[in-house]
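So the sequences go chain by chain: B and P. Quick note on numbering: the first sequence equals residues 1 to 462 in our numbering. Quick note on numbering: the second sequence equals residues 1001 to 1423 in our numbering.
Because the hints were derived from the structure by calculation, they are not lab data. Some hints here could point you the wrong way.
[As the list claims (entries may be wrong)] Using C-beta positions, here's what the derived DEER-type ranges look like:
| hint | chain 1 | residue 1 | chain 2 | residue 2 | range |
| --- | --- | --- | --- | --- | --- |
| 1 | P | Val1357 | B | Ala440 | 32 to 42 Å |
| 2 | B | Ile329 | P | Lys1137 | 35 to 45 Å |
| 3 | P | Val1372 | B | Pro301 | 54 to 64 Å |
| 4 | B | Asp293 | P | Ile1351 | 42 to 52 Å |
These numbers were taken from a predicted model, which means no experiment stands behind them. In this text, a Cβ means the ideal position worked out from N, Cα and C, and glycines have one as well.
Residue strings, one per chain:
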Amino acid sequence: MASFDVIILGGGPAGYICAIRSAQLGLGAAVVEQDKLGGVCVNIGCIPTKALLHSAYIASLLKESKEFGVEASGVKTDYGVAMKRSRRVSDQNSKGVEFLMKKHKITVIKGTGVVQPGKKVKVGSDVHEAKKAFVIATGSRVKGIPQIGLEINKTTVISSDEALLLERVPDSLAIIGAGAVGMEFADIFQAFGVKVTLIEALPRILPIEDAESSDTLTKSYKKRGIDVIAGATVTKATVGKDKVTLDVAAGGEKKQVTAAAALMAAGRAVNTENIGLKECGIQLTDRGFIKVDKNLQTTTPGYYAIGDVAGPPMLAHKGFREGSVVAEIIAGQKPHPIKYDNVPSVTYCHPEVASIGLTEDQCKEQKLDYVAGKFPFSANGRARGTGETEGFVKILRDKKYGEILGAHIVGAHASEMIHELAVARENEYTVEEIDLAIHAHPTMSEAIGEAALDSLGRVLHI
Amino acid sequence: MATKVHMEALSPTMEEGRLVKWTKHEGDAVKSGDTLAEVETDKAVMELVARADGQLLKVMVPEGTTVPVGNIVAWIGKPGEKVDGAGSQTAGTGSQESGAGAAKPAPAAAPARAPAPAPTAPTPVPVTAQADATRVKASPLARRIAKDVGVDLKLVEGSGPGGRVVKRDVEGGAAQSRVAAAPAPGSRLPTPSGVPYEDVPLTQIRKTIAKRLAASIGPIPHFFLTTEVDMERGAEAREALNKQLGEEGGKISFNDIIIKAVALALVQHRACNAWFQEDHIRYWNEVHIGMAVAIEDGLITPVIRNADMKSLREIAAESRELAGRARNRRLKPEEYTGATFSVSNLGMFDIDQFTAVINPPEAGIVAIGSIVAKPVAEGDRVVVRRRLRLTMSCDHRVIDGATGAVFLKTLKQMLENPLAMLL
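So that you can see chain B by itself, here it is in the shape it has in the complex (with noise of 0.2 Å):
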């Protein structure tokens, strides 16, 4: 039996952090992981993902680029080399965490690890013991609809994790979901020339973004081909051999959508089962997510959980960052607590769509006295320079303070620009900072700035 200081169950983006974070802190860690490091993050998640939609985008760049004066004939898409190429991504990024915990003197234990009482995990037929805590990283896997019989099943019913591995595409494909997972596939299969349909339940696509950008989506997206249906019941699914027939209510109408097969990218269910928790005294919440107070330690002292399993937003960045702070925490310092409201949303999909902090609805739900400030893109320089004009910045502030309620990119790099957002929302910026702070010309960014300026009723550009 091997003791550490901490012992982490899980290797996924919460859970490796943590591990370096403690190691950093002159803790002994321990990381138990059953299948590769760095999660679902790395391998069959954000990573993979984001190289396949780099070679989507590549493909629609090549069928406009015409306009730009380079004519690309013949262009030829091939999923089958995009996913290799992807996969050699996410196997560099795994190696590197494995480089990461080599660095920091981890010990990687390999197996599927059950947590015992004591601050003990069994992995095997060994038994390991943490000294100082135990920390439950063992984050979520996507989950189908099975009462509406749409099992996953691997071949005409797939998830991401089956959509990540193919060879080659189907020829049309009904996405179940539009939330980020859904938005990205949508926006790569239609890249490769797959028929999309998306069907989203809610009223929206994207629901929990803003209207606006929900709305901008549908637009692009409709534009594109890609054929969105909002607010709609998936009341029968017909599974064949080699298509899938869903009989589709919206708006009062029923529609029938015939594909070569359905992608289910709604919901993910936690890693919470069969792991020992109940044994150990752990909790959970009514939704599945391993109870945790504020400190983030579950109900057994000693016993800590982070990332997915710890509770939304689902998010690997949010993970780090737990996983930081639990490291933290066990050495015993006093970090700064986590500031859940101020976790940047993003889906990496063609215009990018990214937020931070409240939409418009919730500010008015919350009877907030707000103005709402908005640039489009159209009127960028910068943007029109590229050809991305699609999009706008649009930022949320307190009519009173002027503090930043919340803000929404749609365009390209709204994934990268959000953090300047981030930034002033993490230090209690006003608009009048974001303005004072100057934006270089011609810059994408220049929209955040003069959304600011016109929610002061300032605007300079329009």
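Given the coordinates of chain B, assemble chain P onto it according to the supplied hints.
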């Protein structure tokens, strides 16, 4: 080469001076020893004299500006001579350069320095501005909120990184503020003008009083004034009024009468209807009376707005309603913030007299004891009268002893002669 004129330390404790008036102007010939300007120090208005002969070439600081000791305020030299750095130094910046310059003997081109003629003006002692000591780490948003609600950031404990004051530290914030003010110019409230208050910058003497007294007894230098009020006529008036109201209900309490009297007395003594605001005093042109109400786990101070303009019946109805909702924790923030003065009543608990703690940024609060029948001398007879003891807590940074005393005298007169309230 021209000679610099520095803001001099005209009193031993002076750190900055307010340039009240230039007695010489650009182009005027000056001789060493001539008065150049009047400067208000922390103690008095003093003269700043020339230490060189020649012409007053350039005035660097407009009248009314406060300048740290050691800063350049003007240049003296030969007519037409160039002044280097003119205009490069803004008022309020402490500068090593000016200090070093002052310490050196006058350069050859400048006439020899005459000994200081004014006994109160020692040789210039350059003092570096103490900007760092008073710098507060606070987020821009916290600064805005603090300014708006009147919280002194220096007195707020920051919960952000490195003790930075952030929004949550100042939110709902007047409660945390530790501010108070100085004595007031205008006596009576002006006639309604739509301007709710007037901000008056702290004078140097006010600043010194604020600093010294706060250092002595904590952030708010309280002092207390007690007076005994004869409530016979007040009680009679109340009985008569309540009889009049009869079955209509809505009885008027002594508390309501006192609130009304306090509000009316404040109209006559604006000096007590004020907030201390760090570098100025806010004299309110409106009277909003905070009324301390005990609730389950503490107390809260709902506000009767414009109490001076309300009838006793209105005050009675409003105070009853506010107190009820306060106990049920149903008050909205705007209903318990923004008072310009407060009252606290423990009379119902048979407390003869007590001292109440000021609710900053307000500058005063009146503590109301119980009304007790007791023997008092009336001429050469002893009679039994209903008496009330009032104790006013004053923030000495705003209210001086005499200022508080005259206010209390007015309040006493109002209560002893309730008809005066009708005037």
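Against the structure, the hints:
The hinted window of 32 to 42 Å between P:Val1357 and B:Ala440 is violated, with their beta carbons roughly 54 Å apart. Between B:Ile329 and P:Lys1137 the Cβ separation comes to about 24 Å, which falls outside the hinted range of 35 to 45 Å. The supplied range of 54 to 64 Å is met by P:Val1372 and B:Pro301, whose beta-carbon atoms lie about 58 Å from each other. Between B:Asp293 and P:Ile1351 the beta carbon distance is about 44 Å. The supplied range of 42 to 52 Å therefore holds.
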